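K.L.:
Spelled out from the first residue to the last, the chains are:
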Amino acid sequence: MWRDLLLRYRQKLVLLLVLISPVASMYFHGKTRTDTSAIERTLMAVTGPASTLSHDAVGQVKQLLNAYVLLTRTEGRNRDLERENRILLGEALRTRTLAEELVRVKKLCEFKGDHQEFTTVPARVVGRDVSQVFQVVRLKIDIAKSQVQEGQAVITHDGIVGRIEKVSGEFADVMLVTDARSNVHATVPGKGVVGSVSGKGKKGEFGAQFVYLDNSERAVPLASGDAVLTTGHDRVFPAGLEIGHIADLKSTRQGPYHEFVLAPAVAYATLEEVLVVTDYRGASADSPRAADPPKSVEPPKPPDSGKGDGPQSPPMPAKFAEPAKGQDQSKPGAKRAVDPANTPDAPP
Amino acid sequence: MKHLAWIAMAYLLLAVISPLLGHLDAQLYAPDVALLTALYVGSRSEALPAVLTGFAVGLLKDGFSMSAPVGVYAEICVLVALMARGLQSRVDLVSPLPVIATSAAASLLSSALFLAFESVFHRSFDNHAEVAATALPLALTTMLVAPAQFALMERIRRRFDQQSRGAMLLRR
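Residue numbers (this note's numbering), protein chains in the order written: chain A, 1 to 348; chain B, 1001 to 1172.
In isolation and in its complexed conformation, chain A is listed as follows (with noise of 0.2 Å):
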């Protein structure tokens, strides 16, 4: 009888078993407990290795997206910090240009205010000639334009740079002493030799030739480095500035000269502030501007020639004055201390 009645009710009794239980467990379970059921064990077996897994696998997720992200917002902080690096690099680059320029110009006001025997224009180079013969350079005169003309010398505190060539408006192109066609009176203080300096003309070759006395007419013998200066008898450049130094002891015979290579004492290849001499104390009363260039450069005449027409040397700068004891090498006048471009065969 209980059988047929378990087989006729049985799905309602399922259905009140699977009604009934929660309720009970729910009472069970409900009251303040220490310890786990059963019940409660065999669901955290159930679902904890799967909460575990998907925690995993969520958390791994969630990482790579992270990653993913924050390598997003890194590439983007990597652009704006490589945008400022370059504006950085950039200041900075100006502020060292500002900051060479300023010493360049420290210099230059240096040797203006030490050489108050002459004056002077302030200029910029502004090009560069791209001719493979001529060494030629281009000025922007600022100030004082009016004062700048041609045959005029052109000077920096490190040395001679050349003469001008052709001035317009503000714009003047300067032949540089290393051009083919450039030649200035010189001499080597304390050695007792005078000469001209002429240019190579050769691009990135700057020097100059210096042609001298033979060596056994030398008191005093040249020696490598030794510094080659303006006499100031061409009446373009004020005597004392420095032309170069004799890069080479050796030298090429010619006659009875000799043709050293000069080192350059500017770098020319870096020029950028220049000064132009507009007047100097040096220049003779009897030249019609005092700067203004000789239509052919008349090398003085030794004094021992008794006339003493030819202008005047102006005094030497103190580094480069000449030793006691060669004193009579170095006078005008002085044994066989004849200037070769003053004799029939000097090179022009």
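No wet-lab data here; the hints were simulated from the structure.
The model shown is predicted, which means the values in this text are computed figures rather than measured ones.
Using N, Cα and C, we set each Cβ at its ideal position, and we do this for glycine too.
Just so you know, nobody snuck in bad clues.
Beta-carbon label-pair distances, calculated as ranges: (1) 23(A) to 1164(B): 27 to 37 Å; (2) 79(A) to 1092(B): 55 to 65 Å; (3) 1012(B) to 17(A): 24 to 34 Å; (4) 17(A) to 1160(B): 23 to 33 Å; (5) 31(A) to 1086(B): 26 to 36 Å; (6) 1160(B) to 56(A): 25 to 35 Å; (7) 1151(B) to 38(A): 33 to 43 Å; (8) 1160(B) to 31(A): 40 to 50 Å; (9) 1166(B) to 78(A): 52 to 62 Å; (10) 1161(B) to 19(A): 23 to 33 Å; (11) 76(A) to 1119(B): 47 to 57 Å.
Chain A stretches covered by chain B per the calculated footprint, using a threshold of three residues with CB under 8 Å from any CB of chain B: (12) 5-18; (13) 23-31; (14) 36-48; (15) 58-66.
Model the placement of chain B on the given structure of chain A, informed by the hints.
P.N.:
Frame of chain A; chain B shown alone:
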């Protein structure tokens, strides 16, 4: 067999949703997949399998839930399955709108039942305000997820129905 597949699906969804919403700090907006499973099974099955499936899914949710007394969700799911079984002939739980509406109603009912059971059986329960406050967001998220979960379960049902039809043909 398909009931086991639905239970397994609910198990997987419960396992994934809990940590996922935990990581997203959105536990309050977790859709009640167990409830939806019970609702779907109740609307598509006979009374006994629906109730048993609801009970199993509810029990699984009890297992994943760490605070409520074991049996709360089982009882809720059983009741929802029975309710869905009763609605089977009245409401068409196939098209999205009835599914959404019924899911929202079932979710609200579930929250009310949860509050009632907790109040009656859980001695240390005193979070009535929180449960009441989360009832509406829970209903909203559940009703939004309902069409997708119903579609997934429908897919499983069709797969198993095709297999059983094939097996019957083979037997003939």
